[in-house]
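> Below are the chains, spelled out letter by letter.
Number of protein chains: 4
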Amino acid sequence: MLSCVIHAAHDLRVEERKTPQPKTGEVLVRLGAGGICGSDLHYYHDGGVADFRLREPLILGHEVAGEIVAIGPDVTTLKAGDRVAVDPSRYCGVCYQCRRGRANLCSEVRFFGSASRFPHVQGGFAEFFCAAETQCIRLTTDISFPVIACAEPLSVTLHAANQAGKLTGKRVLITGSGPIGLLLAVVARHAGAREIAITDRIQAPLEVALRIGADRAINVAETPGALGEISREIGGFDVALEASGAPPALVDCVESVKPGSRIVQVGMLSNASVPLGRLIARELELVGTFRFYEEFAEAVELLERGRIKVDTLITDQVPLARAKEGFELASDRQRSIKVSLVG
Amino acid sequence: MLSCVIHAAHDLRVEERKTPQPKTGEVLVRLGAGGICGSDLHYYHDGGVADFRLREPLILGHEVAGEIVAIGPDVTTLKAGDRVAVDPSRYCGVCYQCRRGRANLCSEVRFFGSASRFPHVQGGFAEFFCAAETQCIRLTTDISFPVIACAEPLSVTLHAANQAGKLTGKRVLITGSGPIGLLLAVVARHAGAREIAITDRIQAPLEVALRIGADRAINVAETPGALGEISREIGGFDVALEASGAPPALVDCVESVKPGSRIVQVGMLSNASVPLGRLIARELELVGTFRFYEEFAEAVELLERGRIKVDTLITDQVPLARAKEGFELASDRQRSIKVSLVG
Amino acid sequence: MLSCVIHAAHDLRVEERKTPQPKTGEVLVRLGAGGICGSDLHYYHDGGVADFRLREPLILGHEVAGEIVAIGPDVTTLKAGDRVAVDPSRYCGVCYQCRRGRANLCSEVRFFGSASRFPHVQGGFAEFFCAAETQCIRLTTDISFPVIACAEPLSVTLHAANQAGKLTGKRVLITGSGPIGLLLAVVARHAGAREIAITDRIQAPLEVALRIGADRAINVAETPGALGEISREIGGFDVALEASGAPPALVDCVESVKPGSRIVQVGMLSNASVPLGRLIARELELVGTFRFYEEFAEAVELLERGRIKVDTLITDQVPLARAKEGFELASDRQRSIKVSLVG
Amino acid sequence: MLSCVIHAAHDLRVEERKTPQPKTGEVLVRLGAGGICGSDLHYYHDGGVADFRLREPLILGHEVAGEIVAIGPDVTTLKAGDRVAVDPSRYCGVCYQCRRGRANLCSEVRFFGSASRFPHVQGGFAEFFCAAETQCIRLTTDISFPVIACAEPLSVTLHAANQAGKLTGKRVLITGSGPIGLLLAVVARHAGAREIAITDRIQAPLEVALRIGADRAINVAETPGALGEISREIGGFDVALEASGAPPALVDCVESVKPGSRIVQVGMLSNASVPLGRLIARELELVGTFRFYEEFAEAVELLERGRIKVDTLITDQVPLARAKEGFELASDRQRSIKVSLVG
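Chains as they are written, first to last, in our numbering: chain A, 1 to 343; chain B, 1 to 343; chain C, 1 to 343; chain D, 1 to 343.
If a hint is listed, it holds; no wrong ones were tucked in.
For identical chains, the list gives no copy identity; a pair is met inside one copy or between any two copies.
List time: in silico DSS-like cross-link candidates among lysine-lysine, alpha-carbon distance up to 30 Å: (1) LYS18 - LYS79; (2) LYS258 - LYS166; (3) LYS309 - LYS324; (4) LYS309 - LYS79; (5) LYS324 - LYS18; (6) LYS166 - LYS309; (7) LYS79 - LYS23.
It should be emphasised that the hints constitute simulated quantities derived from the structure, not laboratory data.
Excised from the complex, chain A in its bound form:
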């Protein structure tokens, strides 16, 4: 079968691999569509993401959906022909975090297309891949695969929003208008935010942001003082979601929220200088957010019921065989938002 394998930074190959066989409790899925995520791009450009480094070739891909073509032993709720959204996480179910309802922090989780464990857990950018029955949600509508594959990044943003506390009635600042920042705007609007301001350094995604629910879109490169002015005008934001992974944006969040507010660091970054003196004197809460848990089922339902629409964000569909082209396109924020590899 064709597979999209990262061997090292800049060394992405579409190559033949042996089609896997579903083990007990597993199903074999034919790829319908797979979205290219920012962390896939980090593997492509840097050979790793945050603290996780490539140590062997890795099939990328964790935003995937497709059709079941075979089932392994003991699979009881799914059958060949079912169309499914696939949660890329397989939890242990017994560790401390699993038992207290925070399985996204499971110490033994296996996550598709990730170098966090060794041997690496292979991902879903391949003609076929295996998933546990428990990872699959059977679709009940004819929703398209590229759209339902967005259940994964949508889950990430639903979880980030949960880490932020309640957004209903709040004035929300989102820094960064990549796919995650834009989805955060969609999610904040869905949750009844009172005011949504979003920033970026390029204009194209800011225009999209205004169309999908943001009230204000601020180009911090072109109008550096604008965010501060808006913050003063409204008396400070109630919550901030930092989705750029850029340290200056975190400083913007620290200065633009009301004292006593919460900032969720959604964008990935490693060590960075943080204005802790301001964090203390303004009594802020800076919190991490990592993947998602129950939000995946919620995301699938929101998309299938049409409560949340993401069609605008899927700018490109590229065949799996031309994956490298897809990765280049996804790397250019002027031209694309979400690129979907299709089977």
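Given the structure of chain A, go ahead and fit chains B, C and D onto it with the hints provided.
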């Protein structure tokens, strides 16, 4: 009257000032005792604390208690002869933060002995000082002035503990064994913590920590691997209180708590490099804590009822006239914990 | 001026009263529109509401909006000609509850058209009424008075939703489809609820509920087993909002939510038998909700920006002079939802 | 082996039963001590507790500790001779509640000596009983069996305190001075409560309450107005723990806490009239509490480390063979607090 005035870094003078007159709603207090705080030492050594810099001579002192000697117009609940603990904060009462129960974040607060506003608000290290009636809590026991003056730093630690959430039943890590770190240990024990570990780089205060309630005292300079071992042994701490103001201690906190835990940054520091990648992947909450509000009345009651004892921590009493000697002593952590200037 | 005065149960009169004069900090408002509330109906039918009994004639009305016709001394932000939404609550600003951000529980609050204090606080169903400057929000659009008068009941439901915790992503049960129940459905949809089921014993408002955002409308009189079936099918509701004030509906809530869930008692009732054994064994939280505070400004903004639409709910407009007719109409749930008295 | 079996109300027999054999993952425990609980007394006097009714003979007992005498297959962490505290709950580990950290609400839990399921789950008042390895905590000290058997009721009160939120710094009202009420006082003191008032209608346990940590003990039968006076004096309690199961005590809680406070219903009762009008107008939270989960391990640790002392509460030790005598003694609150059946 004698006053202890900081003019610039290293330029602390005991000099004559005119005794102030209580205005409407104010009382005149004769200093009973005033504790020297870490922020007083920052003014002494650095000419400022965090972002607040000296711009004019400043009478230091905000951990103060004494006896009322005169009352201004419209004071109805206090009279000359009353012994009082003095809250160094005067809140506006009408701003957004005051109206939502977070007056410690009051945008118009006037705080004793602080350069945060200009003209600076003069402090209590003087033979006499004025305070609003609402800042004073009348003492109902014969508790000593040096002990009741500790109501202020105790309030700081009660508030920090509140920022941490619930400590009852929790395994608590405290980094730094200065007066605030030690009081945090006392407070954590009072709140029913399950396990209290405290760190420092010098041994003397760690010995004190074990006497006042810590279960484990770790010298991170002498046994650098010990904290990691203990953390693994107990499965990670549930909460951390960073009280050293040293960036490496914050890294210790990030690594030693369970994923999903809360870290309160109590120690003052400015910009510092923070391992945000770990904060994200472990979904931690890093929160500031600033002064206190209702905790002051609680602290006075805890000390007067003997529920919390701080006598061990008051290592030295120095007459106000020899304040500089007191500041030098307070700067030497091998020799002193809390130094009290007495009237 | 014409005023709508309740003298005793069933004794509602439109009578002449002297036009009041605005005192310091007050404005005189000409009534634009005033919604008839369930509590107004309780005064009309029962001579009181819950524990508050009529002890003197009372001008009813607390859901009011209008135009300023005169200002008293020291009013600085409003002027004659301004159109305003009027918060019926005047808080003391200094009591314990006001200082901790729960002014809706202010021990000294003065609330329009209420017998909770004596002498009673007169309300707004009159050609003119006075309000404090701080009670008025100046309108910035040409929104109609009957619509903006709904800011008050909308505030009640926003506050009830806040008492419920987060509704985003939750399966929500609302019992009772009166104006408050229907507004709760609007608010739950606005807040991103995952599923909204609403009940009643009559069909007319249930049809409206489906049009304004409910997913399921259950006639518990006609299909008594339906709610239980739905609850089992979805694994229990995550939260319940009891808006009928009928004890059997509270039992429905107790049985239909998941163990560990929260039930907000929005509908007014006095002593009632509660299945405490079930509340204990299912570890439920039964919480009260009383009026609102900051939600009023939020409600005005939601209505002015068109984020929440209530036009469907305003079924009738009746001139103030024919107030009694309006009260009769508002008492008939088959014929009306919200009746607005217009100036 | 000797077993203490309830056949029907008032029909408690000590009779011979066949000694059970430990199955896979189980151990056989020789009873060291077993405390008689209020729910045991309900079975004894009423033939059931709350909604659970006896349908077959039931070995009572769920507050038990003892020594392992044999182990079944696959037991790896325990061995014969180990002294253990036994958690009476065996959770399913996979249901919704288990996965969100609220295993005490597990829909499939098997609880010692309880008629909640049929066939009933037999309890520990017998010379020998089987328990899952996961239910046992190996003791590391020579703590006595009657004391460590109190880990179970202590867990109940730790969990009730958790349901109350944070007790540190709070003014706490406890209604009812039975064993659970008294343990709540111990737990509230341990958690750093600011003020603890406890009530009862008989004097004997109130005297004990003062010795173990309560600040005020109020005989509501003899001084009916005292609680109201104290509440007014202190401005209302911050939280109430209702431990009597008597409806008038719940009314006391509703009236004695500050508006906006939380009341935990710990005492068992079925349907009862609740002043919902007051609950609404004072915006109270009335919450259930059911058994415990992670608090059991905490309780064992607190007792073994001596952080919490319960010796005072164990008034009587009665041999298992004279169990009926023990039940009679435990039913007389003038003569006993906690009666322990010993092996």
